[in-house]
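Enquirer: Each chain, letter by letter, is given below.
There are 2 protein chains.
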Amino acid sequence: MRSGLALLASFLAALAAPVVAAPLQGFRPDRTEGQLALERRFDAGLDRADYAAWIEDMSAEPNHVGSPHNRRNAERTLAQFQEWGWEARIETFHVLYPTPLELRLELVAPTAFTARLHEPPVPGDRTSGRTADALPPYNVYGADGDVTAELVYVNYGMPDDYRELERRGIDVRGRIVIVRYGGGWRGLKPKLAHERGAVGCLIYSDPRDDGYGAGDTYPAGGFRPADGVQRGSVLDMPVYPGDPLTPGRGATEHAARLPLAEAPTVLRIPVMPISYGDAQPLLAALGGPVAPADWRGGLPLTYHLGPGPAKARMVIRSDWSLKPIHNVIARLPGAGQPDQWVLRGNHRDAWVFGAWDPLSGHAAMMAEAKALGALVRAGWRPRRTIVYASWDAEEPGLVGSTEWAEEHADELRRKAVAYVNSDTNTRGFLRAGGSPSLQVLVAEAAGAVRDPQLPMSALERLRAKLLIDGERKGATDEQRAVARFAATEPTVPLVPLGSGTDFTAFLDHVGIPVLSLEYGGEDQVAGCYHSAYDSFDHYRRFGDPGSHYGVALSQTIGRVVLRLADADVPPFTYAIMADTVGGYITELRTLVDGMREKTDRANRLVASGAFASAADPAEAYVPPPLEGPVPFLDFAPLGSAAERLQASARACDAALARALEAGLPAGAAAQDELAELLRGAELALTDPAGLPGRPWYRHMIYAPGLQTGYGVKTVPGLREAIEERRWDDAERYARIVAERLSAYADRLDQVTRLLTGVPPTA
Amino acid sequence: MRSGLALLASFLAALAAPVVAAPLQGFRPDRTEGQLALERRFDAGLDRADYAAWIEDMSAEPNHVGSPHNRRNAERTLAQFQEWGWEARIETFHVLYPTPLELRLELVAPTAFTARLHEPPVPGDRTSGRTADALPPYNVYGADGDVTAELVYVNYGMPDDYRELERRGIDVRGRIVIVRYGGGWRGLKPKLAHERGAVGCLIYSDPRDDGYGAGDTYPAGGFRPADGVQRGSVLDMPVYPGDPLTPGRGATEHAARLPLAEAPTVLRIPVMPISYGDAQPLLAALGGPVAPADWRGGLPLTYHLGPGPAKARMVIRSDWSLKPIHNVIARLPGAGQPDQWVLRGNHRDAWVFGAWDPLSGHAAMMAEAKALGALVRAGWRPRRTIVYASWDAEEPGLVGSTEWAEEHADELRRKAVAYVNSDTNTRGFLRAGGSPSLQVLVAEAAGAVRDPQLPMSALERLRAKLLIDGERKGATDEQRAVARFAATEPTVPLVPLGSGTDFTAFLDHVGIPVLSLEYGGEDQVAGCYHSAYDSFDHYRRFGDPGSHYGVALSQTIGRVVLRLADADVPPFTYAIMADTVGGYITELRTLVDGMREKTDRANRLVASGAFASAADPAEAYVPPPLEGPVPFLDFAPLGSAAERLQASARACDAALARALEAGLPAGAAAQDELAELLRGAELALTDPAGLPGRPWYRHMIYAPGLQTGYGVKTVPGLREAIEERRWDDAERYARIVAERLSAYADRLDQVTRLLTGVPPTA
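Order-wise, the sequence lines are chains A and B. The first sequence begins at 1 in this note's numbering and counts up by one. The second sequence begins at 1 in this note's numbering and counts up by one.
Just chain A, with the same shape it has in the complex:
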């Protein structure tokens, strides 16, 4: 115990030590105090009363793409920016956005039932009755159709689920699959069903995951009631997000467009989201084998797989015309380096009212804009240009941000320092994701923001949570690794980003560093996700009562933006980036070795007949197929490149720190050259040829997974090749990634050389 106590003492000492090291990252020591004073003035410009007022006003009517109230909110946002002294304008694109004309779902056998497909008003929720002008619950970019077929229950509808069905000799050809939300991105469910021959897809919210099994339902609590429906996009975003007809270019009025029939991201079967109230009679009517234990949800029935005797009819007919969308873009021009842009955005469109998603994040962004405007009015000018964006059409597929980023891609590659995103925001803990090169910046900013509930910084509260999460029974390896890091390092790991919101085009297609910053976790908002119950009345009870975390988000992102804009050099640090990438590569090596061992073991079991021998002869059972062998991949060049990057990054960080101490190189030209070297460094990690089958995705370290949808795949070209056993692609991408890491290291070496005159120790 003596050693335990000693460790404890040192741990407590570490906790008590100041986490925000002075000087601030990217600032000369003598500028730190001025910057902190500026941030105090920024905080004073945030008015807690604004948040609820703006959210209530903007969520008063349906806000879907093309709705009058969404257009009105764009005008209002524009006026606010202008009132606060920003240069602002609306940029309009014209995009494919189908809207339903007819939706019908019936159980036609063995009994008859017509689905409600409607969210009725809820007592105490003032807007829940105002749905006359709302779109009905639907999945945008599903196909039109009128299909009648037997149902099959496929759990979450993910690849492993189909493998389980195959083991039981069940296939979905010519059938309608009914799957529950969860386990992977919504859009994969109908895509995978279609690839396997299904003719339709129903996605329901199971009450165990998202209803009374998760907590008290609305209006008693915040969770999804029996008639609540999760709308959402099923655009094939892992191929490319944004307008399906204009991949890689802005959907301006006269842009060249694909014919609809050739748009690869539009689904080919009808798909419909339904409530658990509507799903229950369908699931109860299923026969066939009982579903595997972990496929069973919270409805009071025995879950069966089918196929049939339940048979359903789905009818979907839509208006497939182009619709205009409206981004509001606002600028504060930089006084020192106007061609270095710091970007920050949040979307404005919603599925219905959208008090939480997205207006809670949008309000925080607008509060920042107001406070920045006040600083400008008081005479402050940012060193770099600040660009704020209120995106339209995020919900159907990140359309507003993607079209804008595509339209301005070249300029962004030349000018963007970083893009900072938020989307939703609630009471709880900081959720920070993004480029590890910004990890110090985020930790410093969050360390300077006080948690609204407890006497500590937002950073320290997050650190406590990460430490506890890593200690919990059932903690993942990842959670334990994060806890180990957080216990000893002054920063906390940024979550690697996949997709799911508007940072996507900036990170994955343009290739600049991004951050995703929000608060949450102490809320009950998930139960209104993409439903008409995502209302102001819901949000003020279950989201962020009192708007305290709205203010905290503005304070956090405000600091990040101010420091990105005003730092003497762009405030990147590279050692954490290099270590993180090195960690991914070690992990991939372990993955391949594990796959090889597991494949050998599984093949022996298959060949021995053990699967058939262990199966119940009274039930249908198909043993798994033999898998091809897992070769030994040559990781040496990749490992060497990662090691060299770690050395270059450390040298660069050290040179930068010394240069800031010493007052930077003399002369504006040298300083501009340095700033530009730092600004564009991460572009070295992109490859214009992109990922296999999806050239839109250019970043070689981060992408959403083709089989996960929103979930990230790090080193995606290599990782997905390994996971899918495409060994030639694996060899190829191991080489490509090694080259990209070397190019990145070259760039960091240029910085070191510029600052020290000598090349770094490699």
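Think of the hints as simulated: they come from the structure by calculation, not from any bench. Some hints here could point you the wrong way.
One copy or two, it doesn't matter: identical chains are merged, so the pair holds either way.
[As the list claims (entries may be wrong)] Straight-line Cα separation of at most 25 angstroms, SDA-like style, residue types lysine to any residue; simulated pairs:
id: 1; residue 1: 473; residue 2: 607
id: 2; residue 1: 323; residue 2: 637
id: 3; residue 1: 473; residue 2: 591
id: 4; residue 1: 473; residue 2: 731
id: 5; residue 1: 473; residue 2: 377
id: 6; residue 1: 473; residue 2: 597
id: 7; residue 1: 598; residue 2: 636
id: 8; residue 1: 473; residue 2: 167
Chain A is already provided as a structure; the job is to place chain B on it using the hints.
Expert: Relative to chain A, chain B alone:
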């Protein structure tokens, strides 16, 4: 892949190789063929028609302790043994067995509801209407009482669940706990509730674990319907099983008895088992915090913890008189070594009809008895004495077998070779537990029994299952270790035994090797467990259609009994026993090291305040307490003793194998001495002082856990001391176990010396 294929080839070769090594364990090579011929004649004496006929007849009326039909079944069993040529008699004991006179349960606030507490008839189940003479659903050995109090929901009611409640600032003092079945032995639930100040305990069957969430409910499928209730004992069996008034001695008519008030194994609060139909209104009426995610069951409601506003009244009044119980004991005297006894038993009493539990196992036992009788009639005499027992009063607390074993303990320690138990039996895989010294015997027997469904032996089917279970996602470390063993060794690991059925007194109190052998896993019987729906109509549909696995169990246990009875020397092998015990000790060392590390980490987190910082300030939260330090225990003597045992065991096994090859020592006296040395060897692992606080439990390697009830704790004195942080006890039991292992090694060395004339290499 080349190396994978090579491994695969050798694996397939291993599978194809004969698993049953000739000669049979314990037999001289020249006697193997005769033994196999005898076993074929035994098989011919098994009549598949008997099983269903006997089960149907014996389950025609309620069979609880003291019921007329249970008495009639005893007489019938006696008559059958006698008809088949066995010496048989009934041995009667007089035991405390309370039966309910009045049972009442009401929700009195916030709404009124009276629980049904009754299992209604089910269409198609012919006996389900014959419950007029049955006892109502109850938990035997709970206290009488009339209590009204607020309810608190405590999940499974296990120690970890109370720790979770403490974290939320909720205690159960003066309240009635409502807990679900599962997660640990039933009897611990009210015991732990009482220790924490609860005044009553309701135990219900949650439909997720044991109802529609598990599968289709009866009569559509075999799982528990809404009104089904799991009866069962709540006797504090981890202290001692059997009659609460006569610990350690037979409850003969004039035995000395404790006063009821001093009987430590009788509970002090009322406890009642209820259906999920009755539980639903109670749980729906609970307020307070939402239960943790893994506490939520399958009812269509949000599970809350309470306390209140739900308030319930429980009334229990019982008849506390002594009741007579009747064991039927039958013998086939041995011709060669009549004072070496091979014992085999199965209980006969049921909670209601008991077609599955216990009559399925009882029928297999009686079929063996009939076939053995036929062999005797044809002129065969066993070398050793065979004793078969039809136990009464297992259900209230292993009472029949325990009283008999206590009454005959001295004789059993002098004469018993081994005890073989079964209880229930269904379609599926062999489930084999017991002393590792019998692992080869079991593997050889199961290797000679053909699986009724697939063209392979019962052993090979079990091996396939163990290999697949070890490979499944979510496999436990234990399952993976078992799979590794099963992939390379000719035997499969026997499951270590805790308690839960009639082997307990023989293993834990007397101290002789036992086996528990049953088939199961491809059935739907668990849903009728301890309910009136455990009927012949249920069993023939969902238990063992066609009685094929009844025959397989008789074939398996018949071979085990015949080989134990007829082998030239008792068929033990010791290396597996020694390796297994060595494995337990390694595991304990890892356990202590893991606890030390975990304690240090947790204490640092507690001291840093991280728990409070990570908790939601809007909810009640109490951080966990600091734990005392985990010292470094001296495992050296224990490790040395285990190593010496491994060497002694290998030498002994080798000497026995050579001696059997060579024809054994000449002379009956030497052979008797050898047989006796082998027979009593495992008594060396017992300590008459027993375990801390429970001297009845004498075995130093196996016991049911004080905090698990039925679940085994290996090396229990040491393991429980570690788990409960009683470090002085841990030091003490490390020494005691080391001594016992040395004594066991001494005994094996005596065998080696007898056979070789020289002491073994140590």
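Enquirer: For every hint, state whether the structure bears it out.
Expert: Structure-based check of each hint:
1. 473 to 607: between (37 angstroms within a copy, 20 angstroms between copies)
2. 323 to 637: neither (49 angstroms within a copy, 81 angstroms between copies)
3. 473 to 591: Cα proximity of residue 473 and residue 591: in one copy and across copies (24 angstroms, 16 angstroms).
4. 473 to 731: Neither way: residue 473 and residue 731 sit 38 angstroms apart in one copy and 28 angstroms across, limit 25 angstroms.
5. 473 to 377: neither (53 angstroms within a copy, 61 angstroms between copies)
6. 473 to 597: So residue 473 and residue 597 pass the 25 angstroms test across copies only (15 angstroms; inside, 27 angstroms).
7. 598 to 636: within (23 angstroms within a copy, 37 angstroms between copies)
8. 473 to 167: Only across copies: residue 473 and residue 167 sit 15 angstroms apart there, 31 angstroms inside one copy, limit 25 angstroms.
In summary, the structure is inconsistent with hints 2, 4 and 5 from the numbered list given earlier, while agreeing with the others.
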